[in-house]
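**Student:** So the protein sequences, as listed, match chains A and B. Numbering-wise (my numbering), the first sequence opens with residue 45 and increments by one. Numbering-wise (my numbering), the second sequence opens with residue 45 and increments by one.
Some hints here could point you the wrong way.
Note: identical chains are not told apart, hence a pair may lie in one copy or across any two.
With a straight-line cut-off of 25 Å between C-alpha atoms, the simulated DMTMM-like cross-links for lysine to aspartate or glutamate are [said to hold, decoys possible]:
(1) K399 / E313
(2) K91 / E81
(3) K399 / E319
(4) K117 / E502
(5) K434 / E494
(6) K317 / E248
(7) K117 / E487
(8) K399 / D318
(9) K214 / E106
(10) K184 / D100
(11) K433 / E297
(12) K399 / E315
(13) K317 / E274
(14) K280 / E391
(15) K317 / E391
(16) K399 / D144
(17) K399 / E141
(18) K399 / E274
(19) K388 / E355
(20) K78 / E141
(21) K399 / E355
(22) K78 / E55
(23) K280 / E248
(24) K399 / D281
(25) K399 / E328
None of these hints come from the bench; they were simulated from the model.
2 protein chains.
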Amino acid sequence: MSSFRTNYLAENKDRFLEELLSLLRLPSVSADPKFREDVFETARFIKEKLIEAGADGVELCETAGYPIVYGHKMVDPSLPTVLVYGHYDVQPADPYELWDSPPFEPVIKDEKIYARGACDDKGQMYMHLKAFEIMMKEEKLPCNVKFMIEGEEEVGSENLDPFVRSNAEKLACDVVLISDTSMLANDIPSITSGLRGLSYVEVEVTGPNRDLHSGVYGGAVANPVNALCEMIASLKDENDHITIPGFYDDVLEISESERAEMAKAPFNEQEYKDELGVGAVRGERGFSTMERATIRPTLDVNGMWGGYIGEGAKTVLPSKAYAKISMRLVPNQASEKITELFQKHFESIAPPSVKVVVTPHHGGEAAVTPTDSDAYLAAERAIGTTFGKKPIPVRGGGSIPIVALFEEALNVKTILMGFGLNSDNIHSPNESYGLFNYFKGIETIPHFYEEFAAIKAEQ
Amino acid sequence: MSSFRTNYLAENKDRFLEELLSLLRLPSVSADPKFREDVFETARFIKEKLIEAGADGVELCETAGYPIVYGHKMVDPSLPTVLVYGHYDVQPADPYELWDSPPFEPVIKDEKIYARGACDDKGQMYMHLKAFEIMMKEEKLPCNVKFMIEGEEEVGSENLDPFVRSNAEKLACDVVLISDTSMLANDIPSITSGLRGLSYVEVEVTGPNRDLHSGVYGGAVANPVNALCEMIASLKDENDHITIPGFYDDVLEISESERAEMAKAPFNEQEYKDELGVGAVRGERGFSTMERATIRPTLDVNGMWGGYIGEGAKTVLPSKAYAKISMRLVPNQASEKITELFQKHFESIAPPSVKVVVTPHHGGEAAVTPTDSDAYLAAERAIGTTFGKKPIPVRGGGSIPIVALFEEALNVKTILMGFGLNSDNIHSPNESYGLFNYFKGIETIPHFYEEFAAIKAEQ
Numbered sequence: 045m046s047s048f049r050t051n052y053l054a055e056n057k058d059r060f061l062e063e064l065l066s067l068l069r070l071p072s073v074s075a076d077p078k079f080r081e082d083v084f085e086t087a088r089f090i091k092e093k094l095i096e097a098g099a100d101g102v103e104l105c106e107t108a109g110y111p112i113v114y115g116h117k118m119v120d121p122s123l124p125t126v127l128v129y130g131h132y133d134v135q136p137a138d139p140y141e142l143w144d145s146p147p148f149e150p151v152i153k154d155e156k157i158y159a160r161g162a163c164d165d166k167g168q169m170y171m172h173l174k175a176f177e178i179m180m181k182e183e184k185l186p187c188n189v190k191f192m193i194e195g196e197e198e199v200g201s202e203n204l205d206p207f208v209r210s211n212a213e214k215l216a217c218d219v220v221l222i223s224d225t226s227m228l229a230n231d232i233p234s235i236t237s238g239l240r241g242l243s244y245v246e247v248e249v250t251g252p253n254r255d256l257h258s259g260v261y262g263g264a265v266a267n268p269v270n271a272l273c274e275m276i277a278s279l280k281d282e283n284d285h286i287t288i289p290g291f292y293d294d295v296l297e298i299s300e301s302e303r304a305e306m307a308k309a310p311f312n313e314q315e316y317k318d319e320l321g322v323g324a325v326r327g328e329r330g331f332s333t334m335e336r337a338t339i340r341p342t343l344d345v346n347g348m349w350g351g352y353i354g355e356g357a358k359t360v361l362p363s364k365a366y367a368k369i370s371m372r373l374v375p376n377q378a379s380e381k382i383t384e385l386f387q388k389h390f391e392s393i394a395p396p397s398v399k400v401v402v403t404p405h406h407g408g409e410a411a412v413t414p415t416d417s418d419a420y421l422a423a424e425r426a427i428g429t430t431f432g433k434k435p436i437p438v439r440g441g442g443s444i445p446i447v448a449l450f451e452e453a454l455n456v457k458t459i460l461m462g463f464g465l466n467s468d469n470i471h472s473p474n475e476s477y478g479l480f481n482y483f484k485g486i487e488t489i490p491h492f493y494e495e496f497a498a499i500k501a502e503q
Numbered sequence: 045m046s047s048f049r050t051n052y053l054a055e056n057k058d059r060f061l062e063e064l065l066s067l068l069r070l071p072s073v074s075a076d077p078k079f080r081e082d083v084f085e086t087a088r089f090i091k092e093k094l095i096e097a098g099a100d101g102v103e104l105c106e107t108a109g110y111p112i113v114y115g116h117k118m119v120d121p122s123l124p125t126v127l128v129y130g131h132y133d134v135q136p137a138d139p140y141e142l143w144d145s146p147p148f149e150p151v152i153k154d155e156k157i158y159a160r161g162a163c164d165d166k167g168q169m170y171m172h173l174k175a176f177e178i179m180m181k182e183e184k185l186p187c188n189v190k191f192m193i194e195g196e197e198e199v200g201s202e203n204l205d206p207f208v209r210s211n212a213e214k215l216a217c218d219v220v221l222i223s224d225t226s227m228l229a230n231d232i233p234s235i236t237s238g239l240r241g242l243s244y245v246e247v248e249v250t251g252p253n254r255d256l257h258s259g260v261y262g263g264a265v266a267n268p269v270n271a272l273c274e275m276i277a278s279l280k281d282e283n284d285h286i287t288i289p290g291f292y293d294d295v296l297e298i299s300e301s302e303r304a305e306m307a308k309a310p311f312n313e314q315e316y317k318d319e320l321g322v323g324a325v326r327g328e329r330g331f332s333t334m335e336r337a338t339i340r341p342t343l344d345v346n347g348m349w350g351g352y353i354g355e356g357a358k359t360v361l362p363s364k365a366y367a368k369i370s371m372r373l374v375p376n377q378a379s380e381k382i383t384e385l386f387q388k389h390f391e392s393i394a395p396p397s398v399k400v401v402v403t404p405h406h407g408g409e410a411a412v413t414p415t416d417s418d419a420y421l422a423a424e425r426a427i428g429t430t431f432g433k434k435p436i437p438v439r440g441g442g443s444i445p446i447v448a449l450f451e452e453a454l455n456v457k458t459i460l461m462g463f464g465l466n467s468d469n470i471h472s473p474n475e476s477y478g479l480f481n482y483f484k485g486i487e488t489i490p491h492f493y494e495e496f497a498a499i500k501a502e503q
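Model the full assembly from the supplied sequences, consistent with the hints where possible.
**Tutor:** Here it is, written out as structure tokens:
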């Protein structure tokens, strides 16, 4: 790292942290309408910070939902262009009672920042604004840069799709750079080389047209909660194989050599179980834990409710039961097709005593980043420089559906250079982000720009 | 009915209704601690009204929970004594949004009173206070009377048990009279000749020790909601027969002749389905709908929850899932034994990847009232007089666990002379009680006293 950059980072470290804490204090929960004004305020915060950092043409691009913050710095048309993508919205913080400190009052403890969004994605996204500020101050921006920071990633990025498609020229670039993934460990740097897709649905099961007394009607009228349990249970067989007809048809099976390569990544199953407090792992028969979490499709209930869920006892035979169900998909499985297969199957297994409605929430396609691309090589070198170790490629289990969108609409590959850790509790209570990771990210990003520009210059 | 009683009822009809509406405005939800003060206020309301009606020795008997209201009128030691039991607490009113009018703001519409507790049990219990008032005003009380009105029926009457046992002398009587059940229809009067028992448990299933990101861990770690669905689904087989080992061991099978007798009660399955809005009934194979609802044991989920249940989508693999499960029991099935069988079985079917805790809530024993008892005959004659039709005996599906308690601790039989209808939506939104039923009950009760005293005098 240039001595200018080292010095500037050291001098501004406290401010860089304070700015992130201010950002984390804004409860930008996109899924819950009651935080609507906060989400808008967060968008304005990002806009101001982009302007302060030196970006041009900064604007809040209106959408049917929350605005997309756009800004750029075009230094030289002959240089490659990096499009930085991130999101300023966060997951809901429920259940609040499991947080050790309030989710929107960030605290620093044991060298970590605790707050909703600390890692996903405010902490990781904001690194890019600060790295950009440093390069601007040094007056050495190795690439042109465009920022596109959205506010609906946690609810399916529905409005990003039309925005990207209708602004393809404005967003033209050589690579999309995203920090919204994790590394294996701070001393085992890695780059996410693939992501799973997603199909997310909500189901509603209706039994009788009103809540009934379970003494008067119990045993004679179908209970929608019992029925929903049966239907959900039937979605997997005794090998935890998903039973939806056609579900696995398009899955690209991984070769034995690739599986062998994957198996070399450091993984200790006992530590994994201990850290999660489970007595046994569980998943599809015939695959390892790491395979189950990355290269195999899944089906999970993300939420379920029905009947009386307050304190004490109520002898009700409920009218309705609900579940939110998501399926993680692997490359070649099309999200829309899987949603249709689910819907058709779920409706077909409903007993005649209940009615079922399946509502698709959102989806996204799986993606794979080739490990021999220019961007991968640039990220590999950048991380190698700042971590002192060559990062290893790892398939991730999560979904960033917009990776497939960028490939299709902008004809450009994405590099997933994330600095989080699996232990950061993203989407969970007590989400955190290490101070080490925040500042190491800010330090690494300018190296990526340099390496990417250098590789492109050679071509 | 004596002309005095007819006139007094006519003159005080409006006040009798107004008093019930005042009682219904008190949200005495015993299951929910936030209504604690309201439950106490309701007890004081009943106490005042008993005193006004002319009872002696009226007191609030303290318990470990909510007080029991006691009062009596002993006219002559040679007369039989009737112990009136009722409850002033009500079921929770959730879900509030399904009520057409607020549950604790009673309204009268289409000749019915709409409010939580209108039928169960405030409306039915309060008839006894007003019938008592009329008999006192006439100065013709045919029996001695004792009132015991409790405030914890909807949460299992836990504190009634020790109270009854330690006050057996004070509560000594010849019959317990309860109006907390229903009739077949206003033109098909009936008397409940049996009730099911109850075993109510809550289960907690824990997967990982914290909520996880379903993308990062999904497929590799057991999801407690999916696991709970599987476990609940496995509690019944393809014939809707309950699979808990030993569950049916003590069930007294009903004779074919009794089943044939039951089948004569008026029942139209198409009307039943239409009224509930279901396409098909569902229950244990080999039994009719009426049998399933009365003489067969059941297992129903009364409430279930886990994961994210707010608006929108959250890709969480939850740490915990919960269900409230109740089983209706038939004569000879012991509640405690069934609870133990459930607990043992449920723990045994938990996969090693999750932890299960089963917490018993409350229970109660099934009961049968012989149709040739003095009290049954008295009720049959009283209803015959006021309805102009002989009532038919019907087995009920609900549970009034204290019936078994009275039999055991006081060595006395209970008569279930209820005036509700199944369409009253007890335990559901839009609970109601017909004005016809309220006033017909007040009219009928003094006849019961007269008939019971006459039968006893002959012995």
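**Student:** Each hint should be assessed against the structure and marked as holding or not.
**Tutor:** To see whether the hints hold, each was checked on the structure:
no.: 1; hint: K399 / E313; result: between (42 Å within a copy, 19 Å between copies)
no.: 2; hint: K91 / E81; result: within (16 Å within a copy, 52 Å between copies)
no.: 3; hint: K399 / E319; result: between (41 Å within a copy, 16 Å between copies)
no.: 4; hint: K117 / E502; result: within (23 Å within a copy, 106 Å between copies)
no.: 5; hint: K434 / E494; result: within (17 Å within a copy, 96 Å between copies)
no.: 6; hint: K317 / E248; result: between (34 Å within a copy, 20 Å between copies)
no.: 7; hint: K117 / E487; result: within (20 Å within a copy, 88 Å between copies)
no.: 8; hint: K399 / D318; result: between (42 Å within a copy, 14 Å between copies)
no.: 9; hint: K214 / E106; result: within (15 Å within a copy, 76 Å between copies)
no.: 10; hint: K184 / D100; result: within (16 Å within a copy, 96 Å between copies)
no.: 11; hint: K433 / E297; result: neither (31 Å within a copy, 75 Å between copies)
no.: 12; hint: K399 / E315; result: between (44 Å within a copy, 18 Å between copies)
no.: 13; hint: K317 / E274; result: between (28 Å within a copy, 22 Å between copies)
no.: 14; hint: K280 / E391; result: both (16 Å within a copy, 21 Å between copies)
no.: 15; hint: K317 / E391; result: between (36 Å within a copy, 21 Å between copies)
no.: 16; hint: K399 / D144; result: between (41 Å within a copy, 23 Å between copies)
no.: 17; hint: K399 / E141; result: between (35 Å within a copy, 21 Å between copies)
no.: 18; hint: K399 / E274; result: both (14 Å within a copy, 20 Å between copies)
no.: 19; hint: K388 / E355; result: between (37 Å within a copy, 24 Å between copies)
no.: 20; hint: K78 / E141; result: both (19 Å within a copy, 19 Å between copies)
no.: 21; hint: K399 / E355; result: between (28 Å within a copy, 21 Å between copies)
no.: 22; hint: K78 / E55; result: neither (39 Å within a copy, 54 Å between copies)
no.: 23; hint: K280 / E248; result: both (19 Å within a copy, 22 Å between copies)
no.: 24; hint: K399 / D281; result: both (24 Å within a copy, 21 Å between copies)
no.: 25; hint: K399 / E328; result: between (30 Å within a copy, 20 Å between copies)
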